[in-house]
Amino acid sequence: MGKIQLTGADNARDLGGIRTADGAVIRKGYLIRSNRLSRITKKDIQILKDQYHLHKIIDLRTPMEVEQEEDKKITGAVYLNIPFFVESMVGISHEKGNRHKMGHLEDIPKMEDLYVMIVENPFCQKQMEKALRQIMTTKDGAVLWHCTEGKDRCGLLSAMTLFLLGVPEEDVIEDYLKTNTFAAKRIDKMYQKWRSLGISKGRAEGMLGLFMAKEEYIEAALDSVRKTYGSIDLFLRDALEISDDEKESFREKVLR
-7 MGKIQLTGAD NARDLGGIRT ADGAVIRKGY LIRSNRLSRI TKKDIQILKD QYHLHKIIDL
53 RTPMEVEQEE DKKITGAVYL NIPFFVESMV GISHEKGNRH KMGHLEDIPK MEDLYVMIVE
113 NPFCQKQMEK ALRQIMTTKD GAVLWHCTEG KDRCGLLSAM TLFLLGVPEE DVIEDYLKTN
173 TFAAKRIDKM YQKWRSLGIS KGRAEGMLGL FMAKEEYIEA ALDSVRKTYG SIDLFLRDAL
233 EISDDEKESF REKVLR
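Heads up, the sequence shown is in the numbering used here, so the first residue is -7 and it goes up one at a time.
Calculated from the structure, these hints are not laboratory results. Please note: incorrect hints may appear among the correct ones.
[As the list claims (entries may be wrong)] Listed next, the in silico DSS-like pairs over lysine-lysine satisfying Cα-Cα at most 27 angstroms (straight line):
1. Lys(-5) <-> Lys131
2. Lys34 <-> Lys64
3. Lys181 <-> Lys122
4. Lys177 <-> Lys219
5. Lys170 <-> Lys48
6. Lys177 <-> Lys64
7. Lys181 <-> Lys35
8. Lys181 <-> Lys34
9. Lys20 <-> Lys64
Using the sequences provided together with the hints, build the complete structure.
Rendered as structure tokens:
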């Protein structure tokens, strides 16, 4: 799972190289997860076009988030907006206007609840299914999916993609936690800014939870899935309606 060196998207990475439980390997240059593409440079665009032959972009943000920071256009890539939330849920999706105005820890949404909502809410499930099908049916070049920070909505979609391919859970979680490494400088910069504005250490550390990947977040979602559906595989089959034939076809295309 290699970091893609993009100046304007510090959480972009190629899932190629991750091994499945039976020893197969995900092909490089096919599956890319990232944070928003609104700040990428011309050089970044050329990297995605020339090195990855980017064919499809799946933006998981709400229309309001997209309006605030539209993705840069990448010639040759199909753009799809498949928001995981309806607008009434924006308050817990890190909507830009709220992120830096949190005055009290009790104002900060509990991230575990957000993750459970994504896997349990029928609308969120349907949107996740749509996004997964777009990933699975990309024929030529790479497919890239992203949200804002590239960790929550993007992280859960990435996790389900890896589970579909047969990647062990510990490796799925390892990929999820990579956000903390790749975005470390940006996260620290935000923390230092909050402290310089007089925000207490405790409150600033609490706010950081919105921007970091924590194992307890994704575990909350996976535990909820197991409690409701029995297993991740049954969730993929029964809630997201991904058939065994579709799964096998995806594996044949992406694994080596």
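Status of the hints after comparison with the structure:
| no. | hint | verdict |
| --- | --- | --- |
| 1 | Lys(-5) <-> Lys131 | 23 angstroms, holds |
| 2 | Lys34 <-> Lys64 | 9 angstroms, holds |
| 3 | Lys181 <-> Lys122 | 35 angstroms, violated |
| 4 | Lys177 <-> Lys219 | 37 angstroms, violated |
| 5 | Lys170 <-> Lys48 | 23 angstroms, holds |
| 6 | Lys177 <-> Lys64 | 23 angstroms, holds |
| 7 | Lys181 <-> Lys35 | 24 angstroms, holds |
| 8 | Lys181 <-> Lys34 | 24 angstroms, holds |
| 9 | Lys20 <-> Lys64 | 24 angstroms, holds |
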